[in-house]
Amino acid sequence: MKRSQFWDHTILVLGALFMLVPVVYALMTSSHDAVSIYKEGLQLSPGGHFVDTYKQVLTEAGGFTKSVTGLTMLWNSLVLGLGFAFGKIIISMLAAYAIVYFRFPLGTFFFWIIFSTLLLPLEVRILPSYEIVQGLGMANTYSGLIIPLIASATGTFYFRQFFKSVPDELVEAARIDGAGPLKFFIDILVPLSKTMIAAIFIIMFVFGWNQYLWPTLITTDESLFTLVRGMKQILQVWIGAQIPDTNQAMALAVLAMLPPVLIVVIFQSWFVKGLVESEK
Amino acid sequence: MKRVQFSHPLMPYMLLLPQLAIVGVFFLWPAAEAIRASFYLEDPFGFGSTFVGLDNFKDVVSASEYSRTAWFTLIFSAAVTFFSLSIALLLAVKADNVIKGASTYRTLLMWVYAIAPPVAGLVGVMLFDQHIGPLNDLAHALGWNMQIGVNYFDTAFAMTVIAVWKQIPINFIFFLSGLQSVPKSVQEAAAVDCRSSSRRFWTVTFPLLAPTSFFLLIINITYALFDTFGIIDLVLKGEPGNNPVTLVYKVFLDGFRGNDLGGSSAQSVILMILVFALTVVQFRMIERRVHYS
Chain X
1 MKRSQFWDHT
11 ILVLGALFML
21 VPVVYALMTS
31 SHDAVSIYKE
41 GLQLSPGGHF
51 VDTYKQVLTE
61 AGGFTKSVTG
71 LTMLWNSLVL
81 GLGFAFGKII
91 ISMLAAYAIV
101 YFRFPLGTFF
111 FWIIFSTLLL
121 PLEVRILPSY
131 EIVQGLGMAN
141 TYSGLIIPLI
151 ASATGTFYFR
161 QFFKSVPDEL
171 VEAARIDGAG
181 PLKFFIDILV
191 PLSKTMIAAI
201 FIIMFVFGWN
211 QYLWPTLITT
221 DESLFTLVRG
231 MKQILQVWIG
241 AQIPDTNQAM
251 ALAVLAMLPP
261 VLIVVIFQSW
271 FVKGLVESEK
Chain A
1 MKRVQFSHPL
11 MPYMLLLPQL
21 AIVGVFFLWP
31 AAEAIRASFY
41 LEDPFGFGST
51 FVGLDNFKDV
61 VSASEYSRTA
71 WFTLIFSAAV
81 TFFSLSIALL
91 LAVKADNVIK
101 GASTYRTLLM
111 WVYAIAPPVA
121 GLVGVMLFDQ
131 HIGPLNDLAH
141 ALGWNMQIGV
151 NYFDTAFAMT
161 VIAVWKQIPI
171 NFIFFLSGLQ
181 SVPKSVQEAA
191 AVDCRSSSRR
201 FWTVTFPLLA
211 PTSFFLLIIN
221 ITYALFDTFG
231 IIDLVLKGEP
241 GNNPVTLVYK
251 VFLDGFRGND
261 LGGSSAQSVI
271 LMILVFALTV
281 VQFRMIERRV
291 HYS
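These protein sequence lines are chains X and A, in that order. Each residue of the first sequence is one higher than the one before, starting from 1 at the first, in the UniProt record's numbering. Each residue of the second sequence is one higher than the one before, starting from 1 at the first, in the UniProt record's numbering.
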């Protein structure tokens, strides 16, 4: 028993290191100066330029991007993550409520229309999506960045599953008490869904923050770049430089991963529950 | 559907309106447009387009580059799926086994879920870099003259390693929750009957994990096909040259760089059929799982 637990721990520690070491390299390298990284390679121990590097990438334009600071990109990422999560939750809760709690003509038809979006990811229809959104004058705007991403019905699907598990007796009781559909939704269903909303919010925030392909196409104006979208520009400048600012590139990568990682770690149990439950 | 439902003449439509409007404008319209464009040849200077039937499809499929890309996509998807699933399963079994530190291991093995593929790609490119990358040094120490971005195989190797690294956490989360839902009574009965823990795993636990594994299989194939875009884009540094690309990346290249609207749309439609088939399989799995549980 002891012996086998020892091997279990060994494998788990190796696994944890495999996941951790690349990010430790990124974090530690960002605390050194560009010249020493160029000479000695990526670093695994802390250096003395941590504050300088982050202050520079957050507040100074230039270097990696021509006109935009890390702080602006951080802000854009936040707008995308929050806007996407809020938009998706509101819209999909309303739609799921209609689908589960109402009987009306064309209900099944609308249900299938909405769920057909689960069949085709954005990647297979990027070119026409881009042209349509551009034609609507929504290129290089926050709404053009966020709204088309909400089209997929994942959120509606999650809420539909959850609403179906809410006991029917609640609706009966509400009706006997004279509560209409709107009152039932606001006073009973929304409070009941709190945990589910929190879990989905975390999943959606991470999903929105981490979007890459759509922002790459639709935002060409640097002032709208998110951190994740900026990764390729950062890499291209890095390749072109004589002595590349590896510390700054790594610092921006660390900034791009920090908020979603913190949220997932802090709200771990909600997040895991939401992820696993929603797939049932 | 609910046994008890509301009936109201207008409200359900009002509730559905925002979602339907977004789906209509940003999903149905572009999807229809992709299908339409796949049957037309667009004039490169924007002077209208002509109906060419299935010619775009024929051109796409007969191009040798396309079959090369398709083969690469197949092997890449198989490798990413196999390695990320098996490593995650091993770790989940061990994490389910240990008594001390189980929750710490869980956190340490799942947090990478939150890192975006292109961010993983950027860090990966640096780790594999020929001047400063420790993984490149390691390969050289083992006698492997690794050249990411130059050598076809080496580039594919780097993409696969980064894609697997990024995908382990989600598989781990699902496997662990699958393992934890195996009833204690079943485990104890098996422990009485069979002393070999590895035999117990393959004959009792693994079959019980089958629904989770099928579900994850589909998720992983979809991931390898689509979500690896950011990793590939970063590893190629925007210059595909002679390096491996996946089918989705080729849709992007031909559509946005090559300005080949018809060809790109035909490739989109081929991928649509593929995703459609995968999703139908996935839904049938979910239905089946609901029946048994």
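Some hints here could point you the wrong way.
Claimed, not checked - Residues from chain A that face chain X, not an exhaustive set, calculated with beta carbons under 7 Å:
1) Val23
2) Tyr152
3) Ile173
4) Leu271
Stated by the list, open to error - When the alpha-carbon atoms are kept at most 20 Å apart in a straight line, the in silico DMTMM-like pairs for lysine to aspartate or glutamate are as follows:
5) Lys194(X) / Asp168(X)
6) Lys100(A) / Asp8(X)
7) Lys39(X) / Asp137(A)
8) Lys232(X) / Glu239(A)
9) Lys183(X) / Asp168(X)
10) Lys273(X) / Asp137(A)
To be clear, the hints were calculated from the coordinates, so they are not data collected in a lab. Computed from a predicted model, the values in this text were never measured in an experiment. Positions of the beta carbon are idealized from the N, C-alpha and C atoms, including for glycine.
Quick rundown of the hints versus the structure:
1. Of the supplied interface hints, the one on Val23(A) holds, with its beta-carbon coming within about 5 Å of a beta-carbon of chain X, less than 7 Å.
2. At a threshold of 7 Å, the smallest CB-CB gap from Tyr152(A) to chain X is about 19 Å, leaving the interface hint violated.
3. At about 6 Å, the closest approach between the beta carbon of Ile173(A) and any beta carbon in chain X falls short of 7 Å, and the interface hint on this residue holds.
4. Hint status for Leu271(A) relative to chain X: holds, with the closest Cβ pair at about 4 Å, below 7 Å.
5. Only pairs whose Cα atoms come within 20 Å are accepted, and Lys194(X) paired with Asp168(X) is accepted, the gap being roughly 18 Å.
6. For the hint linking Lys100(A) to Asp8(X), the alpha-carbon distance of about 11 Å falls within 20 Å, and the restraint holds.
7. Taking the CA atoms of Lys39(X) and Asp137(A), the gap is about 14 Å. The hint holds against a cut of 20 Å.
8. Taken as a hint, the Lys232(X) and Glu239(A) pair is honoured in the structure, with Cα atoms around 11 Å apart against an allowance of 20 Å.
9. Annotation: proposed proximity of Lys183(X) to Asp168(X) holds, straight-line Cα distance about 16 Å (limit 20 Å).
10. Restraint check: the Cα-Cα separation between Lys273(X) and Asp137(A) comes to about 41 Å, which exceeds 20 Å; the hinted pair is violated.
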